[in-house]
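Chemist: Take a look at the letters that make up each chain.
2 protein chains.
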Amino acid sequence: MPITANDTKRKSWLEVPDNSDFPIQNIPFGVFLTKENVVTVGTRIGDYAIDLGALQQLNYFEGIDLTDDMFMQDTLNDFISDGKKTWRLVRNRIADIFDETNPQLRDSTKDRDIVIFNIDDVEMQLPVLIGDYTDFYSSREHATNVGKMFRDPENALLPNWLHIPVGYHGRSSTIVPSGIPVHRPMGQTLPAGHDTPVFGASRLVDFELETAFITTDVNVMGENIPTYEAEDYIFGMVLLNDWSARDIQKWEYVPLGPFLAKNFATSISPWIVTMDALEPFRTKGPKQDPTPLPYLQTKGKKAFDIHLEVSIQPENQEETIVSKSNFKYLYWSMAQQLAHHTSNGCRVNSGDMMGSGTISGPTPDSFGSMLELTWGGKNPLKMNDGSERKFIEDNDTVIIRGFCENAEVRIGFGEVSSQLLPPFIRQ
Amino acid sequence: MPITANDTKRKSWLEVPDNSDFPIQNIPFGVFLTKENVVTVGTRIGDYAIDLGALQQLNYFEGIDLTDDMFMQDTLNDFISDGKKTWRLVRNRIADIFDETNPQLRDSTKDRDIVIFNIDDVEMQLPVLIGDYTDFYSSREHATNVGKMFRDPENALLPNWLHIPVGYHGRSSTIVPSGIPVHRPMGQTLPAGHDTPVFGASRLVDFELETAFITTDVNVMGENIPTYEAEDYIFGMVLLNDWSARDIQKWEYVPLGPFLAKNFATSISPWIVTMDALEPFRTKGPKQDPTPLPYLQTKGKKAFDIHLEVSIQPENQEETIVSKSNFKYLYWSMAQQLAHHTSNGCRVNSGDMMGSGTISGPTPDSFGSMLELTWGGKNPLKMNDGSERKFIEDNDTVIIRGFCENAEVRIGFGEVSSQLLPPFIRQ
Numbered sequence: 001m002p003i004t005a006n007d008t009k010r011k012s013w014l015e016v017p018d019n020s021d022f023p024i025q026n027i028p029f030g031v032f033l034t035k036e037n038v039v040t041v042g043t044r045i046g047d048y049a050i051d052l053g054a055l056q057q058l059n060y061f062e063g064i065d066l067t068d069d070m071f072m073q074d075t076l077n078d079f080i081s082d083g084k085k086t087w088r089l090v091r092n093r094i095a096d097i098f099d100e101t102n103p104q105l106r107d108s109t110k111d112r113d114i115v116i117f118n119i120d121d122v123e124m125q126l127p128v129l130i131g132d133y134t135d136f137y138s139s140r141e142h143a144t145n146v147g148k149m150f151r152d153p154e155n156a157l158l159p160n161w162l163h164i165p166v167g168y169h170g171r172s173s174t175i176v177p178s179g180i181p182v183h184r185p186m187g188q189t190l191p192a193g194h195d196t197p198v199f200g201a202s203r204l205v206d207f208e209l210e211t212a213f214i215t216t217d218v219n220v221m222g223e224n225i226p227t228y229e230a231e232d233y234i235f236g237m238v239l240l241n242d243w244s245a246r247d248i249q250k251w252e253y254v255p256l257g258p259f260l261a262k263n264f265a266t267s268i269s270p271w272i273v274t275m276d277a278l279e280p281f282r283t284k285g286p287k288q289d290p291t292p293l294p295y296l297q298t299k300g301k302k303a304f305d306i307h308l309e310v311s312i313q314p315e316n317q318e319e320t321i322v323s324k325s326n327f328k329y330l331y332w333s334m335a336q337q338l339a340h341h342t343s344n345g346c347r348v349n350s351g352d353m354m355g356s357g358t359i360s361g362p363t364p365d366s367f368g369s370m371l372e373l374t375w376g377g378k379n380p381l382k383m384n385d386g387s388e389r390k391f392i393e394d395n396d397t398v399i400i401r402g403f404c405e406n407a408e409v410r411i412g413f414g415e416v417s418s419q420l421l422p423p424f425i426r427q
Numbered sequence: 001m002p003i004t005a006n007d008t009k010r011k012s013w014l015e016v017p018d019n020s021d022f023p024i025q026n027i028p029f030g031v032f033l034t035k036e037n038v039v040t041v042g043t044r045i046g047d048y049a050i051d052l053g054a055l056q057q058l059n060y061f062e063g064i065d066l067t068d069d070m071f072m073q074d075t076l077n078d079f080i081s082d083g084k085k086t087w088r089l090v091r092n093r094i095a096d097i098f099d100e101t102n103p104q105l106r107d108s109t110k111d112r113d114i115v116i117f118n119i120d121d122v123e124m125q126l127p128v129l130i131g132d133y134t135d136f137y138s139s140r141e142h143a144t145n146v147g148k149m150f151r152d153p154e155n156a157l158l159p160n161w162l163h164i165p166v167g168y169h170g171r172s173s174t175i176v177p178s179g180i181p182v183h184r185p186m187g188q189t190l191p192a193g194h195d196t197p198v199f200g201a202s203r204l205v206d207f208e209l210e211t212a213f214i215t216t217d218v219n220v221m222g223e224n225i226p227t228y229e230a231e232d233y234i235f236g237m238v239l240l241n242d243w244s245a246r247d248i249q250k251w252e253y254v255p256l257g258p259f260l261a262k263n264f265a266t267s268i269s270p271w272i273v274t275m276d277a278l279e280p281f282r283t284k285g286p287k288q289d290p291t292p293l294p295y296l297q298t299k300g301k302k303a304f305d306i307h308l309e310v311s312i313q314p315e316n317q318e319e320t321i322v323s324k325s326n327f328k329y330l331y332w333s334m335a336q337q338l339a340h341h342t343s344n345g346c347r348v349n350s351g352d353m354m355g356s357g358t359i360s361g362p363t364p365d366s367f368g369s370m371l372e373l374t375w376g377g378k379n380p381l382k383m384n385d386g387s388e389r390k391f392i393e394d395n396d397t398v399i400i401r402g403f404c405e406n407a408e409v410r411i412g413f414g415e416v417s418s419q420l421l422p423p424f425i426r427q
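Chains as they are written, first to last, in full-length UniProt numbering: chain A, 1 to 427; chain B, 1 to 427.
It cannot be assumed that every hint is accurate.
Identical chains blur together in the list; that is why a pair holds if it fits in one copy or across any two.
[Said to hold, decoys possible] Think about it this way: if two alpha-carbon atoms lie no more than 25 Å apart in a straight line, the pair counts; the simulated SDA-like pairs of lysine to any residue are:
#: 1; residue 1: K378; residue 2: A192
#: 2; residue 1: K299; residue 2: I425
#: 3; residue 1: K284; residue 2: D68
#: 4; residue 1: K302; residue 2: K324
#: 5; residue 1: K250; residue 2: P290
#: 6; residue 1: K9; residue 2: S387
Because the hints were derived from the structure by calculation, they are not lab data.
Turn these sequences into a full structure, and let the hints guide you.
Modeler: Quick look at the structure:
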C-alpha cells in the first residue's frame, strides 16, 4: 500500500515546531502574496509557506494531470473543480516531496530558494473566489440560547429546527481573510424604550464562533445530491468569525432574516484544511431525535472532533480565552447541510462556502458568542487585564483557533484574527 | 448641444416595428451567443442584435477610452466598472452609428454582415456575472398582503417596515436568463393539520413580479455612500421573476428568512435597460410617512413610471394576463435601497444585482404574485383556455413584460419568460 499524506510516521525535512498546527500530515491549501508581489497557490509546513506554482513549474508534479497554470492563480477554484482524486494525488505528492527521506527538493538549494518562504514573509489572501456563501444555524445549544433570550424561553427552539438544517444566504463581497481589520458598523436600531428608531454606530458588536466548508462543483441546477454522496463534494474547512451587530439584527431581522447586522464583515482563516487531513478525527455527532426525514438520514460518523477556542485581545494587552467549544457538538452534519441545500435543485459551485452557524457547546464556557457568554450583556466577562466585556469594544482583536489532536498527530487550522476598528466616518 | 441617445427625434436606418420595446432611444446592453458559437457583448435595436465586440474591432468606438477587448467578453462587468461617463459615451456613439443620417455602417454591407444579427438567430445569456444578489421587500401593498395572510391581519406591516427598506441575501448561482426552464422544487413542508413535516414536490409554486437594478463598483468595504450619490452607481435595470415555493417558505422561513423556497431559480430579462434610457420616465414615488431617518432621505423624483404585466401561458394554449402593476408603486426607491445597503460598510461591486421585491399595486388586479392574486389559493384565477389557477402548474410558462411610454417614445425591457417543468427525479 502506498504511503499517504496522512501517515503519522512521516517526518519532514522542514523543521516543524512542537505543537504546530501544520505538520507534514496536514498539507492545507491557501493563496499567498510574496514580497515580490507574486500571488500563488500554496501550502504550509511548520512555519514555512510553500509556493505550489513554483513547484509545478519545476516539474515536481510530473505525472499528475494538471493544467499548466493550475497553481499560478489567485484562487483555488480551478484546483477544487478538478475533484477529490486530484486533490489526493497532489496532497500525497506534496507529502512525498517534503518527506525527510526524499532528497529531490531537500538537496536542491536552488529550488528551495524559489519554492520556500518564511510564513512571516508572505501575506495570506482569500483562498477561493466565493460565488455564494450560505450560513447554517446548526448548533442546538446556540439556537436554544438565542430563542430563550429573543423569543419564548419555554419554546426556545422553533418548530422546524429539529427537522431542517436551517440556513440562509450571506454576503460574499465582505468575506475577508484573517488579519484584515473590520469597522464597527453604523446602522438603524430601536433603543429600548423608544418608539422610533435611530441611526448610529452599533453598540452591540459580537463575534460568532463558526467553521465553514468549501465545496467543489456539486450539481447542475435542478438536480440534487443525496447525503451519502455529499461528503465527496467537500474540499475542506476553515475557521469563520461571523461578525454580528446584535442591536441592528434585533430591529431588522423580521421577517426576512439578518442582513446589515451580518454583511459588514465575515472573517475566515486562510488555510483550507482538507477533509482527507481531518479524516482521522471523525466522531459521532449528537443523537438526532426525532429521526430526520429519509433525504437527511446518514450512516456512520459524520462529525469531527475539532477543538475550538476564542480569545479577545484588548489593544496592547494580553489575550483572554473566552470560550472553548468543539465542532462535534453540532446537531446537523455537513453532509446533511449540503444534501438539504441541493434538495430543491439549488446549484452549488466550486468555491462556494457554507458556514456551520455559531458552535455553542453544552456548558456556559463553551458558548460561541458574547451574546450567549454574557447572556445578553447581563454577566460581563472579566479580561486578564482587569477590564470587563459585555460585547466587543473598539480596537479589540478577536482570535478564533481550532485543531484536532490524538496521540499521534495534531492537525490545526491556525487562526482567524481580526481587529474591530472604530466606525468609519465619511469625510 | 450634442444630440444624445435619448433624442426622441432620432430615427434608425434599421427597421424598428411599431410599438417595439427597442427603438434607437433605448440602446440596452446584453450578452449573446451567435450560431458560430461566439459570445459577445451586444445591444438591440428593433429585432436586431448588434455585436459590440465586432463594432469595436471595426473601430466604430474610436476616440472612446476602452480596453481592447471591452466588448469581446461574456459579461458586462468590466464595462460597468468603467462608470457612468463611459456608459454614456458608448450609448451615444451607438445611437450615432445607427442614426438614419449616418452612412458609415449603413452603407457598408461588409461591416453590417459582421455586426448585425436577427434577434432570433442569437441566444441571450446572463448579462453580468452576479457576485452578490440582494432582494428587497419594498412594496407596501405586498408586505401588507403577506402580513395579513401569514401573520396578524390587524398588524400586517411589521414595526420596522416603514423605517427600513427591508432586504435579504439571495442566491447568485441559480439566476438564469429568460428562456431557461425551471424544475418544480422538491422540499420539506408541514401540511395543514400535520404534526410532522413531509418531503416531496412543492405544491404551491408561485412567481413574484419584480425588477432588479445592476450596480457598478460602489464602495470599499467599511465605507458607505449617501442617497444623493446612490443613483450614480446604478447601471440599469432588468425584469425579474423571483420563483417561490410558498409551502416550503412557510415551514422554513423562521427565524432566518426564505432559503430553499427561493434559491431554486430566479429568472431575469436579458437586456439591461440603462438608467439614462429610463430618465424621461422619472416620477414621484408614494409619500413616505413617517419621514425616513436622514441617511435615507432623498430629494426629487426617485421613482420611475414602468408599466409591468404578468401572463401565464398553459402548455400549447394562449396566454392570460393575470396582473398589471407599475414600478412607481414601490415605497422605497433604488437610491434608498442602495444607500441603506452600504450604510454599514457592506461592499457592493460591479455586476451585483438588487431585486425590488414583489411589486404589488393598490388594486387586486395589480398584485404581483399568485399568493396575493388568489389570496392564498382561495380565489382561483380563470385562464383564457377555461382552466383555473391557484398557483403555477407544471408546464405553465410565466411571462413578465415591462415598458415605459409617453407621447414620443416607448422604452421597454422585452420579457422574462420561463416554463415550470415537473420535478427532477433522480435516476
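Chemist: Are there hints from earlier that the structure breaks, and if so, what are their numbers?
Modeler: 3, 6
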